[in-house]
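*Asks:* Protein chains in written order, with the numbering used here: chain P, 108 to 218; chain E, 12 to 399.
No wet-lab data here; the hints were simulated from the structure.
Selected chain P positions facing chain E (Cβ under 10 Å, derived; list incomplete): (1) 148; (2) 180; (3) 185; (4) 212.
Per label pair, the in silico range of CB-to-CB distance: (5) E:148 / P:210: 31 to 39 Å; (6) E:285 / P:208: 40 to 48 Å; (7) P:203 / E:160: 45 to 53 Å; (8) E:109 / P:203: 27 to 35 Å; (9) E:20 / P:155: 44 to 52 Å; (10) P:179 / E:296: 35 to 43 Å; (11) P:210 / E:288: 53 to 61 Å; (12) E:29 / P:116: 47 to 55 Å.
In this text, a Cβ means the ideal position worked out from N, Cα and C, and glycines have one as well.
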Amino acid sequence: MGIRLEKPWEHLNSEAIAALPGQLGVYQVADEEGNVLSVGYAGAKHLFGIRSALEEELSLHKDTAKFFRCEFTSNYRSRWDELLMLHLHDNGELPPHQRDEESRVGRLSPD
Amino acid sequence: MDYRLSEEQQLIVDTTRRFVESEIVPLEDELDPDAGSLLPADYDRLVGKTQSMGFYGLDIPEEYGGPGLDTTTRALMAIEMSQHRAGLYNPCYGVFGGAGLAQLYEATEEQKERWLYPTLRGEKKGCFALTEPSGGSDPARAIQTRGFKDGGEWVLSGAKLYISGADKADYALIFARTSDDPGRNGVTAFIVDTDTPGFHVRRVVHTLRATHYATELQFDEMRVPEDNILGEVNGGFAIANDRLSRQRIPYAAGCIGPAIKAQEMAIDWAKNRETFGSALAEKQAIQWMVVDNEIDIRHAKYCVLEAAQKADRGDRFRTEAAMAKLVATEASSRVVDRCIQIHGGVGVTKDLPLERWYRELRIRRVGEGPSEVQRLIMARDILGGSFK
Numbered sequence: 108m109g110i111r112l113e114k115p116w117e118h119l120n121s122e123a124i125a126a127l128p129g130q131l132g133v134y135q136v137a138d139e140e141g142n143v144l145s146v147g148y149a150g151a152k153h154l155f156g157i158r159s160a161l162e163e164e165l166s167l168h169k170d171t172a173k174f175f176r177c178e179f180t181s182n183y184r185s186r187w188d189e190l191l192m193l194h195l196h197d198n199g200e201l202p203p204h205q206r207d208e209e210s211r212v213g214r215l216s217p218d
Numbered sequence: 012m013d014y015r016l017s018e019e020q021q022l023i024v025d026t027t028r029r030f031v032e033s034e035i036v037p038l039e040d041e042l043d044p045d046a047g048s049l050l051p052a053d054y055d056r057l058v059g060k061t062q063s064m065g066f067y068g069l070d071i072p073e074e075y076g077g078p079g080l081d082t083t084t085r086a087l088m089a090i091e092m093s094q095h096r097a098g099l100y101n102p103c104y105g106v107f108g109g110a111g112l113a114q115l116y117e118a119t120e121e122q123k124e125r126w127l128y129p130t131l132r133g134e135k136k137g138c139f140a141l142t143e144p145s146g147g148s149d150p151a152r153a154i155q156t157r158g159f160k161d162g163g164e165w166v167l168s169g170a171k172l173y174i175s176g177a178d179k180a181d182y183a184l185i186f187a188r189t190s191d192d193p194g195r196n197g198v199t200a201f202i203v204d205t206d207t208p209g210f211h212v213r214r215v216v217h218t219l220r221a222t223h224y225a226t227e228l229q230f231d232e233m234r235v236p237e238d239n240i241l242g243e244v245n246g247g248f249a250i251a252n253d254r255l256s257r258q259r260i261p262y263a264a265g266c267i268g269p270a271i272k273a274q275e276m277a278i279d280w281a282k283n284r285e286t287f288g289s290a291l292a293e294k295q296a297i298q299w300m301v302v303d304n305e306i307d308i309r310h311a312k313y314c315v316l317e318a319a320q321k322a323d324r325g326d327r328f329r330t331e332a333a334m335a336k337l338v339a340t341e342a343s344s345r346v347v348d349r350c351i352q353i354h355g356g357v358g359v360t361k362d363l364p365l366e367r368w369y370r371e372l373r374i375r376r377v378g379e380g381p382s383e384v385q386r387l388i389m390a391r392d393i394l395g396g397s398f399k
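The shape of chain E in the complex, shown without the other chains (with noise of 0.2 Å):
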């Protein structure tokens, strides 16, 4: 493996983190530590100067107009955009813009005139709604959505649960069971507008991430037209499975930053605070945890570049995109735990943004497949086939 940049990359990296650091801290120290968004009109400017620099809209396939980055320097480039307080879910408080639904890409030209090109100008939202009461991490078997077909159209029934901007949303990727048969052979994805009569966003549901929240939505008999099938009937756990597979890379490298961050704190604290005659960088237990925290940075930062190296060769990613996502989630968390305990009483504080990213960072073990899901990819892969 060649984790030298190249001289475009280390350009892009710089041009990223001096962004950050001269846009988007200055203007997050005044906002409350839990803030998910800009002021408007800030927002407005650093969309302006994003768009200039030609990085707007960054998951944007090449030919719909986005920069045409590919994985390993996209994921160089999350590791930087998410060294800000918000940075692990919202990097950069999203002026770099959203690619939209990345399934949509798939659709047919008249839904892509619908849904795909209206997200993409930023006239519509949509949600990715999987995730059911019934489970999530096995998608596929936990789908109890039902929908069935009434003449032209498909009525759909059932709940889904944790869906992340639905309440705001113009329309949703829903995934229902179309048949019999109960594993991923009898999933149908469907685009529903949300203003459909049946569709409810019944209620919001607080987690640790306190500045944002999900939703619980209920569908009840909602009546959908053939013409909003995405791909083809019972073919929709492809189409979330694929999305599953490829967030995994950059979802990992949006993990790094703050523990990249954390540690600088971190260093800085223990070189000036003192404590018993020294400063805590002279102690040994402190320097323990600095090159603890060194190790698991380092090993998150490689596996997440060979994964993104793979996949931008074109060779087969599965393996290194869970190790990725595992490791990156799993070793960030024990970084900014150690940053916290460096720090002592502050560390705990709203003064910092390391109670932040702590808390987020929990979420990130369990977010996109939690880490045991990781694991079985994993170990069906080094295993065969036959050990599922």
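Bound conformation, chain P alone (with noise of 0.2 Å):
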């Protein structure tokens, strides 16, 4: 199983998050050039999941956030934590909207 989040980018709109269900697990949010803006979880604290936390990114970023993909997993805080890591990794940084997180992200040399 690849562990980097590699499935094909949907367009984040509303009637592409209505669709989703409303379990918990993490997503990635990126720009009009597929460039990611954020990496985020719908922990148990988000009404529907992945649904809500969605909407939220939606409607805070949503003049330059353009697609989505996510995973369903319980294990939604260390998912998470890993695919930053693996941002941070691939990219010298994390993503825009998550900056003030790199002094509490790990290093991973996963290649």
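Join these two chains into a complex; the hints should help.
*Replies:* Structure, rendered in structure tokens:
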């Protein structure tokens, strides 16, 4: 199993979000060019899981956030950390919306 | 055995309990159910409180500035500190401070300056790398990471598995085989800075403990100075083993807190929840579960306190520590399982901490030596050394 989230991007809009199940998991949101803007998770505090988390992303960043992809998992906290570490390894910095997390994210050298 | 608490111990227990109830639980209500940390501002504020209470750095020896608690008092505190959702693996979210790697107290003064003191000041983090893909229950024989001397340096190659905190550590305590001896006499402990070329955190290992992860490490011909050896060449397993024995008492004590809290929740639920025209607490099936819980909790607590008191007296406590670890992990698992059953549907939801304790307690029966290894340790002591 690949450890990166490499599913095809889907358009981030209300219709696509409404079609998602209300499960817990992790997601990435990207801009028009497919650059990852944020890596997030939907935890038990999100009323309808991934759906609620992505609705929040859309309302906060609707001008720049154009695509998303997600993965359903009950290990959303450790998978979220893993995706952030992978992003840091691949890009040398965290996604723009999460630069302030840098001090707490670990180092991974997966290749 | 005298299980009565001294006045000082009772004061410490009461203070710790109030701290958990008034400072930790209200913050936790706002966090994700699988959260592993407090907000930085809350963490800093509470560290300030534990420092002013004189309780910061509980496991730091008194000569290094710790509060100098005996094992029994420390175990009593562990029982209280774990009575919240994250309490099993992250009692009070670490606001009582850590002690660093206990093995470093045996280091040379130069090594202490480089790794121990910065760790105690919160400037560096370390991780403990013993278990390998080849096995963890019998580490002395399972270690395949090799070290050979090349001039004034040692060259380490191999892999480690289920290592916590390696991705954020500044240094690692790594155990490697350094002689042809296939057992405990061929293992050396090395302190290795994690920015050493050849040190790789290859992957995250997800477990039942969803809030946290372990890691898999790979060492590709890491060159480590001779000065980084902790203790003697080929004397590393004794250093690892000492930790494994000492850890068992607080490890066991920390399992009892969630069981106590789960039992309190189940009793409250059983008294107030009605089915078939009467409270759950009036049903014999529930009453027996509550009683079995109480037996398990007291049994675990007595085993932990007996081991702790023996340790404090300077008596041999290996059998008692193994028994405490086995009984506390297994009994607390049973208690939380019954409490979920008493709660019914809500018991398996993330609305309550029971499901997190249930998942995490399952790991406790494996971590720090599984139940079977604890039985093996006790069997050796009971039957005598020839039955190994």
